[in-house]
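Visitor: Spelled out from the first residue to the last, the chains are:
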Amino acid sequence: MKPEFELFDRREFLGVVTRAAALFGLAGGAKAVAGGQGTANPFAYDISRFQKTDPKLITYEETSRWPIPHKEARRLAMGPDGQLYVCAGNYINGLSRTGQGGLELALAGPAWCVAVAPDGAIFAGLRDHIEVYDSKGGRVARWESPDPKTWFSGLAAGRQDVFAADARKLVVLRYDRSGRIIGRIGRKDAERNVPGLIAPSPFLDVMIHRDGLLRVNNPGRHRVEAYTFDGDLEGAWGKAAASIEGFCGCCNPIGLAALGDGRIVTCEKGIPRVKIYSAEGEFESVVAGSESFPENAHVCNDLNDCVNGGLDAAADGAGRIYILDIVAGNVRVMKRKD
Amino acid sequence: MDAKPPAHDPLTRRQFLGNGARLLAMTGLGAAAGALASRASGAGWVWQIDPAKCLHCGNCATQCVLEQSAVKCVHAYAVCGYCQLCTGFFWPEPNQLTTAAENQVCPTAAIRRRYVEDPYYQYSIDETLCIGCAKCVEGCTRFGNGSLFLQVRHDRCLHCNECAIARTCPGEAFRRVPAGQPYLLKTTSR
Chain P
18 MKPEFELFDR
28 REFLGVVTRA
38 AALFGLAGGA
48 KAVAGGQGTA
58 NPFAYDISRF
68 QKTDPKLITY
78 EETSRWPIPH
88 KEARRLAMGP
98 DGQLYVCAGN
108 YINGLSRTGQ
118 GGLELALAGP
128 AWCVAVAPDG
138 AIFAGLRDHI
148 EVYDSKGGRV
158 ARWESPDPKT
168 WFSGLAAGRQ
178 DVFAADARKL
188 VVLRYDRSGR
198 IIGRIGRKDA
208 ERNVPGLIAP
218 SPFLDVMIHR
228 DGLLRVNNPG
238 RHRVEAYTFD
248 GDLEGAWGKA
258 AASIEGFCGC
268 CNPIGLAALG
278 DGRIVTCEKG
288 IPRVKIYSAE
298 GEFESVVAGS
308 ESFPENAHVC
318 NDLNDCVNGG
328 LDAAADGAGR
338 IYILDIVAGN
348 VRVMKRKD
Chain V
62 MDAKPPAHDP
72 LTRRQFLGNG
82 ARLLAMTGLG
92 AAAGALASRA
102 SGAGWVWQID
112 PAKCLHCGNC
122 ATQCVLEQSA
132 VKCVHAYAVC
142 GYCQLCTGFF
152 WPEPNQLTTA
162 AENQVCPTAA
172 IRRRYVEDPY
182 YQYSIDETLC
192 IGCAKCVEGC
202 TRFGNGSLFL
212 QVRHDRCLHC
222 NECAIARTCP
232 GEAFRRVPAG
242 QPYLLKTTSR
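Chains as they are written, first to last, in our numbering: chain P, 18 to 355; chain V, 62 to 251.
Same shape as in the complex, but just chain P (with noise of 0.2 Å):
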């Protein structure tokens, strides 16, 4: 007679133990997950693509890396000596090509931005006013601040004119050499076909170009903008993209430096990279990629704006790279790869 019910046998017991072991296996996992005690967001903001550059497309090599004096660091300049200066916290410190300590200046607050003229004169950036040292480091000037509101981030020093890129203002300011202004570019105006300078952060930079016209970065409009000193423009380029032939973000480039051949050295923020675009703004090559700057991606660390990252760059007359990481507060020199 058939029994009423079948029995298991030991095999098909064991098959339905391992099958239910595994269910709960899985339930258990996804419950992990979904605890937070996996790695897996399921609302992860991916840019992992954007992240990896293409290797062909990178043609420099870091060569050495030295930390900077001080914590704090904001802006890198390539002196006339061959010096490199850089502002960091309250100090600017002059600093070889190894990053062998010179020059020292210490200053009344934290410095934003520096350049250095052809005669040596060092011209620091403080929030709301600049500062004037001589190359021995003998304190020349003040020149006070032309509004209550200024956040200078960019200087560029010709030999009878000062530029400072006031963040907060949205425009350049021209000096003469005894620290009046003389004129003031980038403003928005209609009639000069100028659309206006956008920095959401304090990154905005300019620098004296060897074709005689200045180069002011626009982060907001993702491009680079070309004026006379008299504060034509006489054009731009540059188109936001995430892609590594476009500036990513929602304001970048954010420092500018150019090669002594006239070809733009560009720094980029929250895809941190330095790439390298002809003086006409096209894309040439990567200097180095963002998997070159882990600690840069996340910055804000405090109750107050994110803006203690970011990159700079100055180069030297041979087509060394010096690279300023905000974050690691050390300097990257790059040389072009053989």
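Hints should not be assumed to be uniformly reliable.
Label-pair distances were calculated between CB atoms; the ranges are [stated by the list, open to error]:
1) P:A253 - V:Y176: 34 to 40 Å
2) V:Q242 - P:G126: 27 to 33 Å
3) V:P180 - P:E262: 17 to 23 Å
4) V:R236 - P:P72: 25 to 31 Å
5) V:E233 - P:A253: 42 to 48 Å
6) V:Q242 - P:P72: 48 to 54 Å
7) V:N164 - P:G334: 43 to 49 Å
8) V:C221 - P:P59: 21 to 27 Å
9) P:P135 - V:Y176: 42 to 48 Å
10) V:L158 - P:G229: 31 to 37 Å
Counterexamples of contact, computed for chain V against chain P with all Cβ distances above 12 Å [as the list claims (entries may be wrong)]:
11) T73
12) R74
13) L78
14) K114
15) L127
16) E128
17) Q129
18) T160
19) A161
20) A162
21) Y176
22) T189
23) R214
24) D216
25) A240
Quick caveat, the hints were computed from the structure, so don't treat them as lab data.
Note that the Cβ used here is the ideal one computed from N, Cα and C, for glycine as well.
Chain P is fixed; fit chain V onto it per the hints.
Guide: Just chain V now, kept in the frame of chain P:
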């Protein structure tokens, strides 16, 4: 033979009901006092997220005991850059700078984008839609000024003694703050 008086006087029905009512009243009073005492001790401190420690991990959206999390994105307008290409609103490489769903970071379209003047836009949070996933916070913090950040909204929070999100927060960003100052808000140094 005389009947023996009982050892204890029996309760009359009236007495029994009176005693019962008093007992009930005392129990009720005790319970109410206990509840009040418990509330009073809980009201001194509430849970809040320290934006400086938040890792934007997504746990706030999935771990809260409420069906829709009590954690919401909030916006510090003073910190905001009013960017045209806001990376809290748009993917880093949107097809277009429009409010089309495929361009938006927020999975529930909880961020409103409003034109101010060229090229500025204002962004505001619809808290009824926000699930506290922090996707926008990551985009804003990574590229921008970090004006978008998460906070526990106390009109929704159940004030659990052991917050289910805090238990799993990898950045240890949850902490107790005085109920009189229940928010940790961002400010601008500009």
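Visitor: Hint by hint, say whether it matches the structure.
Guide: Each hint tested on the structure:
1. Look at A253 (chain P) against Y176 (chain V): about 23 Å separates their beta carbons, and that is not inside 34 to 40 Å.
2. For the pair Q242 (chain V) and G126 (chain P), the beta carbons lie near 30 Å from each other, so the given range of 27 to 33 Å is met.
3. A beta carbon spacing of about 22 Å between P180 (chain V) and E262 (chain P) agrees with the range 17 to 23 Å that was offered as a hint.
4. One distance hint, 25 to 31 Å for the beta-carbon pair R236 (chain V) and P72 (chain P), is violated here, with the actual separation near 44 Å.
5. A C-beta distance of roughly 46 Å is found between E233 (chain V) and A253 (chain P), which places it inside the suggested range of 42 to 48 Å.
6. For Q242 (chain V) and P72 (chain P), the hinted distance range of 48 to 54 Å is satisfied, since their beta carbons lie about 52 Å from each other.
7. Distance hint check for N164 (chain V) and G334 (chain P): the Cβ-Cβ separation is about 45 Å, which falls inside the suggested range of 43 to 49 Å.
8. Evaluation of the 21 to 27 Å hint for C221 (chain V) and P59 (chain P) yields a pass: the beta carbon distance comes to about 23 Å.
9. Take P135 (chain P) and Y176 (chain V): their Cβ atoms lie about 46 Å apart, and the range 42 to 48 Å holds.
10. Separated by about 35 Å at the C-beta atoms, L158 (chain V) and G229 (chain P) satisfy the suggested range of 31 to 37 Å.
11. With 12 Å as the threshold on Cβ separation, the claim that T73 (chain V) sits away from chain P holds: the shortest Cβ distance comes to roughly 61 Å.
12. Residue-level check passed: R74 (chain V) sits 58 Å from the nearest beta carbon of chain P, beyond 12 Å.
13. At roughly 53 Å, the least C-beta separation between L78 (chain V) and chain P is larger than 12 Å, which holds for a residue marked as non-interface.
14. Not every C-beta of chain P lies more than 12 Å from that of K114 (chain V), the closest at about 9 Å, which undercuts listing it as non-interface.
15. Listed as a non-interface residue, L127 (chain V) keeps its Cβ farther than 12 Å from every Cβ of chain P; the least gap is roughly 15 Å.
16. The Cβ of E128 (chain V) lies farther than 12 Å from every Cβ of chain P, with a closest approach of about 14 Å, so its non-interface assignment holds.
17. Interface exclusion of Q129 (chain V) from chain P stands, the closest Cβ pair being 14 Å apart, more than 12 Å.
18. Distance check for T160 (chain V) against chain P: the nearest CB is about 17 Å away, which clears 12 Å, and the non-interface claim stands.
19. For A161 (chain V), the condition that its CB be more than 12 Å from all CB atoms of chain P holds, with the nearest at approximately 17 Å.
20. Against the 12 Å criterion, A162 (chain V) stays outside the reach of chain P, whose nearest CB is about 16 Å from its own CB.
21. The beta carbon of Y176 (chain V) sits about 15 Å from the closest Cβ of chain P, which is more than 12 Å, so the claim that it is off the interface holds.
22. For T189 (chain V), the condition that its CB be more than 12 Å from all CB atoms of chain P holds, with the nearest at approximately 18 Å.
23. The claim that R214 (chain V) lies off the interface holds: its Cβ sits roughly 18 Å from the closest Cβ of chain P, which is beyond the 12 Å cut-off.
24. Listed as a non-interface residue, D216 (chain V) keeps its Cβ farther than 12 Å from every Cβ of chain P; the least gap is roughly 22 Å.
25. Interface exclusion of A240 (chain V) from chain P stands, the closest Cβ pair being 20 Å apart, more than 12 Å.
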